[in-house]
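My request is simple: use the sequences and hints to build the entire structure.
Heads up: the protein sequence lines correspond to chains A and B, in order.
Residue numbering for the first sequence follows numbering that gives the first Met the number 0, starting at 0 and increasing by one per position.
Residue numbering for the second sequence follows numbering that gives the first Met the number 0, starting at 0 and increasing by one per position.
Please note: incorrect hints may appear among the correct ones.
[What the hints assert, rightly or not] Derived DSBU-like pairs: lysine-lysine, alpha-carbon spacing no greater than 30 angstroms straight-line:
id, chain 1, residue 1, chain 2, residue 2
1, B, K199, A, K2
2, A, K145, B, K293
3, A, K156, A, K72
4, A, K39, B, K375
5, B, K187, B, K199
6, B, K294, B, K25
7, B, K293, A, K2
8, A, K39, A, K2
9, B, K25, B, K293
10, A, K145, A, K156
11, B, K187, A, K156
12, B, K294, B, K264
13, B, K294, A, K39
14, A, K143, A, K125
15, A, K142, A, K125
16, A, K2, B, K294
17, B, K343, A, K156
18, B, K294, A, K143
19, B, K199, A, K156
20, A, K39, B, K293
21, A, K2, B, K343
[What the hints assert, rightly or not] Computed footprint of chain A on chain B, listed as stretches where at least three residues anywhere in the stretch have a Cβ under 8 angstroms from a Cβ of chain A:
id, segment
22, 129-143
23, 302-309
[Unchecked claim] The following label-pair restraints were derived from C-beta to C-beta distances:
id, chain 1, residue 1, chain 2, residue 2, range
24, B, G246, A, E31, 36 to 42 angstroms
25, B, P118, A, Q14, 26 to 32 angstroms
26, B, T58, A, W56, 24 to 30 angstroms
27, A, K39, B, H200, 56 to 62 angstroms
28, B, G63, A, L12, 25 to 31 angstroms
29, B, D86, A, S107, 35 to 41 angstroms
30, B, N70, A, W56, 55 to 61 angstroms
31, B, M319, A, E21, 36 to 42 angstroms
32, A, S107, B, L74, 44 to 50 angstroms
33, A, D19, B, Y268, 52 to 58 angstroms
34, B, Q376, A, E3, 22 to 28 angstroms
35, A, G148, B, H200, 50 to 56 angstroms
36, B, G63, A, L99, 28 to 34 angstroms
These are calculated hints, taken from the structure and not from any lab test.
Beta carbons: idealized from backbone N, C-alpha and C, even for Gly.
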Amino acid sequence: MSKEQETRLLRILEQNGRIDTEVLAKMLDEDEETVIQTIKRLEDEHVILSYAAVINWNKVEQESQVAAMIDVKVTPQRGVGFDEVANRIQRFPEVSALYLMSGTYDLSVMVEGQTMEGVARFVSDKLSTLDAVLSTTTHFRLKKYKHDGIVFGEDEKDRRMVVSP
Amino acid sequence: MSMTAKQTNHRLSKAVTSIEPSGIRKFFELASTMEDCISLGVGEPDFVTPWSVREACMTSLEQGYTAYTANAGLLELRMAISDYMEDAFDVTYRPEEEIIVTVGASEAIDLAVRATVDPGDEVLVVTPSFVSYSPLITLAGATPVPVLTDSSTNFKLTAERLEEAITERSRAIILSFPNNPTGAVMTKAELEVVAHVIQKHDLLVFSDEIYAELSYDEPHTAFSSIKDMKDRTILINGFSKAFAMTGWRLGFVCAPNDITEAMLKIHQYSLMCAPTQAQHGALEALRSGGDEVKKMVESYYSRRNYIVNSLNEIGLSCHMPGGSFYAFPSIEATGMDDQTFAEKLLLEEKVAVVPGSVFGEGGEGHVRCSYATGMKQLQTAVERIERFVKRHTKTNPPS
Numbered sequence: 000m001s002k003e004q005e006t007r008l009l010r011i012l013e014q015n016g017r018i019d020t021e022v023l024a025k026m027l028d029e030d031e032e033t034v035i036q037t038i039k040r041l042e043d044e045h046v047i048l049s050y051a052a053v054i055n056w057n058k059v060e061q062e063s064q065v066a067a068m069i070d071v072k073v074t075p076q077r078g079v080g081f082d083e084v085a086n087r088i089q090r091f092p093e094v095s096a097l098y099l100m101s102g103t104y105d106l107s108v109m110v111e112g113q114t115m116e117g118v119a120r121f122v123s124d125k126l127s128t129l130d131a132v133l134s135t136t137t138h139f140r141l142k143k144y145k146h147d148g149i150v151f152g153e154d155e156k157d158r159r160m161v162v163s164p
Numbered sequence: 000m001s002m003t004a005k006q007t008n009h010r011l012s013k014a015v016t017s018i019e020p021s022g023i024r025k026f027f028e029l030a031s032t033m034e035d036c037i038s039l040g041v042g043e044p045d046f047v048t049p050w051s052v053r054e055a056c057m058t059s060l061e062q063g064y065t066a067y068t069a070n071a072g073l074l075e076l077r078m079a080i081s082d083y084m085e086d087a088f089d090v091t092y093r094p095e096e097e098i099i100v101t102v103g104a105s106e107a108i109d110l111a112v113r114a115t116v117d118p119g120d121e122v123l124v125v126t127p128s129f130v131s132y133s134p135l136i137t138l139a140g141a142t143p144v145p146v147l148t149d150s151s152t153n154f155k156l157t158a159e160r161l162e163e164a165i166t167e168r169s170r171a172i173i174l175s176f177p178n179n180p181t182g183a184v185m186t187k188a189e190l191e192v193v194a195h196v197i198q199k200h201d202l203l204v205f206s207d208e209i210y211a212e213l214s215y216d217e218p219h220t221a222f223s224s225i226k227d228m229k230d231r232t233i234l235i236n237g238f239s240k241a242f243a244m245t246g247w248r249l250g251f252v253c254a255p256n257d258i259t260e261a262m263l264k265i266h267q268y269s270l271m272c273a274p275t276q277a278q279h280g281a282l283e284a285l286r287s288g289g290d291e292v293k294k295m296v297e298s299y300y301s302r303r304n305y306i307v308n309s310l311n312e313i314g315l316s317c318h319m320p321g322g323s324f325y326a327f328p329s330i331e332a333t334g335m336d337d338q339t340f341a342e343k344l345l346l347e348e349k350v351a352v353v354p355g356s357v358f359g360e361g362g363e364g365h366v367r368c369s370y371a372t373g374m375k376q377l378q379t380a381v382e383r384i385e386r387f388v389k390r391h392t393k394t395n396p397p398s
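This is the structure:
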């Protein structure tokens, strides 16, 4: 499979990780065995890391979650830059995402927990106490409108006439 | 019913009485009453117009751009169109003299025909093709003459077929590649062969290139980019299909100045100018819509592959269309004619397709399946069509 086709395959999987390989093969105009082998290789090479669902937890009772984005300023360390402190932070199970940023702070830490207190405790007990951490600013997420390109709530309806020239 | 009305209603002109309403309307009426119907009958993108374009239109309203524009359209927009044509298709048109912004590509076709043909002239129409061409030619008092394409050439126009159809009254030809309903595209080399015949017989060319952006396997060739063709070509394009802007009704036409002057007379007396808001939206589409177009094209591409491979597997043989967003399978395997097939498929399996014969000669025995529909819908449609075809295909005894 060409590199171009491989990128196509990944784009389709990114949109729908549960797609049937038979359908996928038809979409790519390749045979199914080639598609299966390619996916397996991409998994082995850790190009494909996992297949996840995007879930609107608000619709699931008693599964409310709080999430916060924490701007963290840190002191980079000689030889390893930001990587060592990032490595320490990402190991906490509360951390769902971690990015190195340009701008007024260094690390953006996404934290998810059951309660606001839980998140606050994580910040004060675990994060702020790390030697390299200079300061933190915590923003709690109030509502999810769009996530990973997917709109939460009502999307636009198909308003086309059923048959047209 | 319409026949008797036609014969007795003296209030109507002979010209309008001589044309039939589009065959698509009947299917629309039938399909629109059905619940849970999956439609592959839609001739427009399933995407909503990109947000930045909608936003630009709203801003233009907020800022009070509600007056007429110049007859030929906002000069700024014509300049953007000129740049776009140069960048995308390597043809140069002067914004002040050679471009008119129209109310959809449909108006552009009408203008082209009315500005150049006289009663008694023949206009060649490559068929199967878009439903408007022949009626518009008839309304202009001229005679449409079909030039057939068929599956043996993947619905491409050949020089032989064209030669056969030309008479001393032939005045012009309507080309429409990428084609609705067949999805056929023509390569530069193939167009050059046809151009040679066109040159020999001194024909004008109305080239409807509304699906130009939706060419999947090779870049689109604008007919006027072919050597010696620019001076005899009226190039028609628009925003509907590429930018998902069908309801905005905005197209444009590029032609030599003597022809745009003539078209502009008709346009200014019948329409004045294309809607101002739509023109502001279109300007934004040309400035920033490129990435969105790419995404949409990529999505059509994989859906095309899916539906064509599926139809062939089901036993409805279908060439791989190079452009537009239609698959045009033969339904020969079922032994039905295309009208019956489409009607039964709709009633029995609630899938709407358009019978090929509504697109003129050569369309019979085929149906048009639009793949401008979400993958989930397409998959369900394929399942239903498969069930339908299995039920209606006589199994051949093993040989």
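Here is how each hint holds up against the structure:
no. : hint                                : result
1   : B:K199 x A:K2                       : violated (45 angstroms)
2   : A:K145 x B:K293                     : holds (22 angstroms)
3   : A:K156 x A:K72                      : violated (44 angstroms)
4   : A:K39 x B:K375                      : holds (24 angstroms)
5   : B:K187 x B:K199                     : holds (18 angstroms)
6   : B:K294 x B:K25                      : violated (34 angstroms)
7   : B:K293 x A:K2                       : holds (18 angstroms)
8   : A:K39 x A:K2                        : holds (15 angstroms)
9   : B:K25 x B:K293                      : violated (34 angstroms)
10  : A:K145 x A:K156                     : holds (17 angstroms)
11  : B:K187 x A:K156                     : violated (39 angstroms)
12  : B:K294 x B:K264                     : violated (38 angstroms)
13  : B:K294 x A:K39                      : holds (26 angstroms)
14  : A:K143 x A:K125                     : holds (26 angstroms)
15  : A:K142 x A:K125                     : holds (26 angstroms)
16  : A:K2 x B:K294                       : holds (18 angstroms)
17  : B:K343 x A:K156                     : holds (28 angstroms)
18  : B:K294 x A:K143                     : holds (25 angstroms)
19  : B:K199 x A:K156                     : violated (51 angstroms)
20  : A:K39 x B:K293                      : holds (28 angstroms)
21  : A:K2 x B:K343                       : violated (43 angstroms)
22  : 129-143                             : holds (count 3)
23  : 302-309                             : holds (count 5)
24  : B:G246 x A:E31: 36 to 42 angstroms  : holds (39 angstroms)
25  : B:P118 x A:Q14: 26 to 32 angstroms  : violated (55 angstroms)
26  : B:T58 x A:W56: 24 to 30 angstroms   : violated (36 angstroms)
27  : A:K39 x B:H200: 56 to 62 angstroms  : holds (58 angstroms)
28  : B:G63 x A:L12: 25 to 31 angstroms   : violated (47 angstroms)
29  : B:D86 x A:S107: 35 to 41 angstroms  : holds (38 angstroms)
30  : B:N70 x A:W56: 55 to 61 angstroms   : holds (56 angstroms)
31  : B:M319 x A:E21: 36 to 42 angstroms  : violated (18 angstroms)
32  : A:S107 x B:L74: 44 to 50 angstroms  : holds (46 angstroms)
33  : A:D19 x B:Y268: 52 to 58 angstroms  : holds (57 angstroms)
34  : B:Q376 x A:E3: 22 to 28 angstroms   : holds (27 angstroms)
35  : A:G148 x B:H200: 50 to 56 angstroms : holds (53 angstroms)
36  : B:G63 x A:L99: 28 to 34 angstroms   : violated (46 angstroms)
Of the numbered hints given earlier, the model fails hints 1, 3, 6, 9, 11, 12, 19, 21, 25, 26, 28, 31, 36; all others are met.
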